[in-house]
Amino acid sequence: MPTLPTSPAPERDTPVLLIVFNRPEAARRVLEALRQAQPARLYVAADGPRPSRPADAALCRETRALIAAEVDWPCTVRTLFRDDNLGCGLGPATAIDWFFQQEPEGIILEDDCLPTASFFSFCKQLLRRYRYDSRVMHISGNNLSCEARQPAAPEADSYHFSGRVHSWGWATWRRAWRHFDLHLTLLTELRRRGELDNIYPAWLERQYWLRKFEAVRLGPQPPHIWDYQWHFAVACNGGLTIIPAVNLVTNIGFGDDATHTFDPHDQDAHPAAHELAFPLRHPPVVLRDARRDARHFREHLAGRAWATARRLLARLLPATSTAPVSPPRPVAAPVAHPHPVSALSS
1 MPTLPTSPAP ERDTPVLLIV FNRPEAARRV LEALRQAQPA RLYVAADGPR
51 PSRPADAALC RETRALIAAE VDWPCTVRTL FRDDNLGCGL GPATAIDWFF
101 QQEPEGIILE DDCLPTASFF SFCKQLLRRY RYDSRVMHIS GNNLSCEARQ
151 PAAPEADSYH FSGRVHSWGW ATWRRAWRHF DLHLTLLTEL RRRGELDNIY
201 PAWLERQYWL RKFEAVRLGP QPPHIWDYQW HFAVACNGGL TIIPAVNLVT
251 NIGFGDDATH TFDPHDQDAH PAAHELAFPL RHPPVVLRDA RRDARHFREH
301 LAGRAWATAR RLLARLLPAT STAPVSPPRP VAAPVAHPHP VSALSS
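Here this note's numbering is used: position 144 in the sequence shown is 144, and no number is missing along the way.
Everything labelled a hint here was simulated from the structure, so no lab data went into it. This structure is a prediction, so every number in the text was calculated from the model and none was measured. Don't take every hint at face value.
[Claimed, not checked] FRET-style restraints, in silico, Cβ to Cβ:
| hint | residue 1 | residue 2 | range |
| --- | --- | --- | --- |
| 1 | Arg192 | Ala117 | 43 to 53 Å |
| 2 | Asp13 | Gln101 | 35 to 45 Å |
| 3 | Ala117 | Gln150 | 41 to 51 Å |
| 4 | Thr185 | Ser134 | 13 to 23 Å |
| 5 | Arg291 | Pro220 | 14 to 24 Å |
| 6 | Glu25 | Pro51 | 18 to 28 Å |
| 7 | Ser134 | Ala309 | 39 to 49 Å |
| 8 | Phe81 | Trp306 | 14 to 24 Å |
Yeah, the Cβ is synthetic: ideal placement off N, Cα and C, and Gly gets one too.
Required output: the full structure, derived from the provided sequences and hints.
Shown next as structure tokens:
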């Protein structure tokens, strides 16, 4: 494994929003990562306990108590502790609204998103670099593609521009978040105008996202999710996202106590996270890598199909007779154009 240059000392002028709920042990691990980064301003938002879950009240209290116990560095802490439960759509969305009412830019973490040390420097440098570039709307801490698991070329860029939105540790600006709409009110009008064909030229990807968006729009209100709406906001405004060359944040929330990330067969369950080499190597142009996005979308669909097959096998076959099965080979990647790969092998 190659030796990476030490990450630069973190800048302490970028605020962080931490969204917590009822998982004290996960929150403790994320707070330990924050202690290493030592942000000067920390915002903590906590949804209220669910009336239908008697254990929630005590777990929420224990999680909130960690803030006073664990934040022991020089830091201004502001809290938004709700008495009522808003749910996993409205709760995070209003927490991010609250954050950007007070800050023009910042980093957002949830209590199941465990970052590496270089995640903070990565976000801070790029928040500053693209502060006034309205094309760039989202800085991701995730790269869940196959290429991020391969050794890097020495001259590889540290990140690329994409249309994909990953939200397990990310950063953005108030100027971008103002486009967020929890209820997807633009979706019907964009369909009527035929604009979605321009947003998603590939038929399969367009159908995939339309089904997701329509399920949110027509489902229970308020929605029980918020990140599909953020993806929609970025996509329908022609926004670019930044994807690091390596995965910088792992999700530690897969399990029985999770709301959405409970499937251990999911291809993204507990993805490995690595440090990124500094100084950053910036792409020469601000341009979406559409070919790479298409390849990653194919990988995503293949991974979903594989996770479904493993779930079916787990149900149909006794655990003692189920032999380990290798996952399918990823779709071959085009090699006609250069592209950054990960800085580490997983």
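| said: For a quick check of understanding: which of the numbered hints are violated here, in increasing order? | reply: 2, 3, 5, 8
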